[in-house]
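In terms of the working numbering, the sequence shown opens at residue 1 and continues consecutively.
In short, the hints are calculated from the structure, not lab data. Any given hint could turn out to be false.
The calculated lysine to aspartate or glutamate pairs, modelled on EDC-like cross-linking and capped at a C-alpha distance of 20 Å, are [as the list claims (entries may be wrong)]:
{"#": "1", "residue 1": "Lys26", "residue 2": "Asp50"}
{"#": "2", "residue 1": "Lys26", "residue 2": "Asp7"}
{"#": "3", "residue 1": "Lys26", "residue 2": "Asp4"}
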Amino acid sequence: MTHDPNDLIMLFNDLFREPYRTVLVKGGAEPEYLPADNADGFAQIIFAHDYYASALHEISHWCIAGEQRRTLRDYGYWYCPDGRSRQQQQEFEAVEVRPQALEWLFSVAAGSRFHISVDNLSGDGGVDEVVFRNRVRNQAEAYLVHGMPRRAQRFFNALGTFYGAPEDFRVAWNRETGRAETQWFETDTEVS
């Protein structure tokens with residue numbers, strides 16, 4: 001199955017362009033969220049390069065951001081690039097659990113692969129990657145049981161319809177989490 005970021009642009013913009021005055025656009029090296037600069041303008045979710053996964057991730061952040069945060073550049077969050085200290089990485093991981101959980105669910109709905117990221121290759125890596133992975137998985141499970149934020153649910157449903165998600169999402173989810181956990185186990189034993 002082909003996963004073209006232009007499909008995500010079309011789906012997102014069809015759903016949210018008018019009611020939320022927000023558009024998804026391709027960008028350069030770094031993703032960014034820019035609020036509308038005037039009452040008639042559009043906020044922009046800019047994803048890195050032409051990366052499908054980057055688009056899903058940035059959409060996930062937007063789906064979580066409340067109304068006030070959506071008026072602020074990058075939702076008002078502090079961001080420190082790759083190469084973070086241990087304390088900076090702990091702060092980064094704390095705010096990444098929910099968006100990565102949504103991104104994982106979006107990926108399964110679209111039939112694409114998801115990779116959890118601690119996004120700190122030049123630094124000390126993750127604080128505790130196993131704990132972080134489990135937190136992301138547990139949050140995704142909580143979304144499945146208790147529901148996703150409203151905009152996230154709309155986008156999730158649109159992905160499922162567009163990509164022909166399996167009728168029983170739970171079966172697809174269990175298969176995906178099993179694949180990911182096997183991959184994590186193999187990775188963990190390689191570095192030990």
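inquiry  = What's the verdict on Lys26 and Asp50, does the C-alpha distance respect the 20 Å limit or exceed it?
reply    = holds (6 Å)
Restraint check for Lys26 with Asp4, where alpha carbons must lie at most 20 Å apart = holds (12 Å)
ask   = Are the Cα atoms of Lys26 and Asp7 separated by 20 Å or less?
value = Given pair Lys26, Asp7 holds - Cα atoms ~12 Å apart, limit 20 Å.
This entry satisfies every hint, going by the numbered hints stated previously.
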